[in-house]
Amino acid sequence: MILHSWNVNGLRAVAGKGFFEWLSASDSDVAGLQETKIQPGHEADFGEVQGYRPSFVSCTVKKGYSGVGAYYRREPLAVNAELPDPRFRGEGRLLHLEYPEFHFLTVYFPNGQRGQDRLDYKMGYYEAFLAHAQELRRTKPIVVCGDFNTAHTELDLKNPKSNEKTSGFLPEERAWLDRFTAHGYVDCFRLFEQGGGHYTWWDYRFQARSRNVGWRIDYFYVSDELRPRVKRAWIESQVTGSDHCPVGLELDLG
DNA sequence: CGTAATACG
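Here the UniProt record's numbering is used: the first residue of the first sequence is 1, the next is one more, and so on.
Careful: at least some of the hints might be erroneous.
Pairs of lysine to any residue residues, derived as SDA-like cross-links and limited to a Cα-Cα distance of at most 25 Å, are as follows [stated by the list, open to error]:
1) Lys63 x Leu77
2) Lys158 x Asn111
3) Lys161 x Glu193
4) Lys158 x Glu101
5) Lys63 x Arg73
Calculated directly from the structure, the hints in this document are not laboratory data. Just so you know, these numbers come straight off a predicted model, no measurement behind them.
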């Protein structure tokens, strides 16, 4: 089973820059998307295509903001939107597809760079998400992918020193990823690659991408019950169209 | 610099 995650930074924009060609060639069973920026009611513009069915969670509080979704060719048992905690509903940040073998969660975690209020919201979202994942995990294993908006270690961004006070590499944000992994969620990419220089996001400014001045902030984590099933995890850094690139996971479900 | 609406990342 092949899974993908991609922060597309506007589905309308990437649709004109090869998104559906990428999906068709991806061999993906489920592709989770973040920052779709589709408004409520406009989901029909991005319907079934090439054997894939879509599901979207739009932001209901800001036009053209946030939003997550998925294209899948394997039908889920159930579909849910957003976290149960009412403080963290409405921005279109979580899509949950339930499959027989696991819960598939795709998430766009808040960006904390706009100010203290948004950093507080991000940290609160992290805690509420962990509680929700732990609750779901009581029934079956978890696969979670998406834009976590935090680089975990010094290996996960080009310039760790100069970003120690930047949201996305703050000690408290990194400490939450420590806590998350301590609960038994495995960073799948790191099962296969321990070196630095592997990134999933590059600033549009300063020719950051051509210079590979990037951050690894898009991840696949699995709860450790699934760790023996992880066959492959990778970063598709050659795929353009967004300031993020896709990441992939292959599971051997036997 | 870029998306999509004039804010946000």
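Evaluation of the provided hints:
1. Lys63 x Leu77: violated, 30 Å
2. Lys158 x Asn111: At roughly 19 Å apart (the allowed maximum being 25 Å), Asn111 and Lys158 satisfy the hint.
3. Lys161 x Glu193: holds, 22 Å
4. Lys158 x Glu101: Answer violated: Lys158 to Glu101 is near 36 Å, above 25 Å.
5. Lys63 x Arg73: violated, 29 Å
The structure fails hints 1, 4 and 5 (numbered hints given earlier, in ascending order).
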